[in-house]
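Number of protein chains: 2
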Amino acid sequence: MLKVSIIGSGNVAHHLIKAFAASEEIELVQIFARQKNSLIDVADNCLIITDLSLLIEADLYIIAVSDSAIGETSQKLPFKDRLVVHTSGAMELAAISERNRSGSFYPLQTFSKSRNVNMKTVPICIESQNSDDLNIIKMAAASISDRVYKMDSAQRRSLHVAAVFACNFTNHMYDIADEICAGNGIAFEIMHPLIIETASKILTLSPAEAQTGPAKRNDTVTIDRHIDFLQDTEKKKIYTLISNSISKHAKKL
Amino acid sequence: MLKVSIIGSGNVAHHLIKAFAASEEIELVQIFARQKNSLIDVADNCLIITDLSLLIEADLYIIAVSDSAIGETSQKLPFKDRLVVHTSGAMELAAISERNRSGSFYPLQTFSKSRNVNMKTVPICIESQNSDDLNIIKMAAASISDRVYKMDSAQRRSLHVAAVFACNFTNHMYDIADEICAGNGIAFEIMHPLIIETASKILTLSPAEAQTGPAKRNDTVTIDRHIDFLQDTEKKKIYTLISNSISKHAKKL
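Here the protein sequences come in this chain order: A and U. Residue numbering for the first sequence follows the numbering used here, starting at 1 and increasing by one per position. Residue numbering for the second sequence follows the numbering used here, starting at 1001 and increasing by one per position.
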């Protein structure tokens, strides 16, 4: 069995721990968290350590901490020449101290602690410095997901930017819709079928083919009315900028 | 059986025709299209007329044409004092010529001809000038959907603006992600699980709770790197504006 230890207790760590704990191909050796109780209900209590110097031997150490903490965390590891990966979309392999062999283990998904995710469908993007290490990382990834992609740091960074648009910015569009509904006495639940269908269309149509709405039709009367309707300056700006961008794309097709 | 005729052959008309044709509570009397072949495979050929003056008696006439054509189409109807509704989110009842009784029949969904939609789950927002007409409109809506909402024109307009954010702008975020993937040799399919999960989270979390990503964490290092990465001025502007908006929202929580 492949021995894996996880360093971190945030959203990504939380979901990786659950997935590895459920995998029969993986021995989850240790989990480092600054505070034991941050992993209550997630991990077997006796696996949790709160001192990095207690880390014992494993085939793979996965650092699942915020981007800005990867460097410092990797420098504090009490060993050298072992395989250490991070889970960041934005960071290069060099973020990990060169005292160890570095790699990437980036799960492309939006994780919230309160929501279960089927890890089998989550793409995991992997990278390493040599092919032996890649095999180890691939085994670990394939033990929890059916979608493992080899990808270099430049591609991973571009994917991370794309994910910010497709996930974080999309969710903010939902948030603005929620605010508009709330301000007009409408329950946000009425938007659920529209939101699900908008996402589901993408499984069979390209986004360009799936586009609908006033900006796509270049319906300037409706666009101007909507901008008038929005009181808030920031919402007006977002509406105008994205509508212009949609209209330009539609003309190119 | 309630007698319904539909005027129009666009995306919305297309899906309403299919839904009413399948409903046992509705007699689909006639369908007006400027060109018969625009409704091939959708409607029984003998129901289609291409001349508005041939419209015969029905309980409800649904004008499903573009917003800018509603007024002119309603003026050309060869009768008076009958119940005529439009399917627009943006237009008031007064868009329909006052020679007939007016109402609204707004299905809140994104429709593309090439994609089937389960109309039972589509919210239909209805409005009328009097309660008798509302009952007729409600019967028609309830015959094809389980989610019928009475709503005045002001609420419908606000819902339409919210829908532009939650659907049209969201789809444009997918489109930008698609462009970024294509420009970096990545198949867009890798984004599918992320897009579906981002939408699905909304069924159990509020958008504010579901928000993740660098702007939510106020991770300015990653944000600046992403803006550097984006070559295109318009994408840089969109990235900056939406990230600022997310950060402000996150601070308010």
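These aren't lab readings, by the way, just hints derived from the structure by calculation. Since this is a predicted model, take the numbers as computed values, not measurements. Ideal Cβ positions, reconstructed from N, Cα and C, are used throughout, including at glycine. Worth double-checking, as some hints may not be accurate.
Only part of the chain U face toward chain A is listed, based on derived beta-carbon distances under 10 Å [unchecked claim]:
hint : residue
1    : Leu1077
2    : Ala1166
3    : Asp1175
4    : Pro1207
Hints, verified against the model:
1. Leu1077: The hint is violated - U:Leu1077 has no Cβ within 10 Å of chain A, the shortest such distance being about 22 Å.
2. Ala1166: This hint holds: U:Ala1166 lies near chain A, its Cβ roughly 4 Å from the closest one there, short of 10 Å.
3. Asp1175: holds (4 Å)
4. Pro1207: holds (4 Å)
Hint violations for this structure: number 1 only, all remaining hints satisfied.
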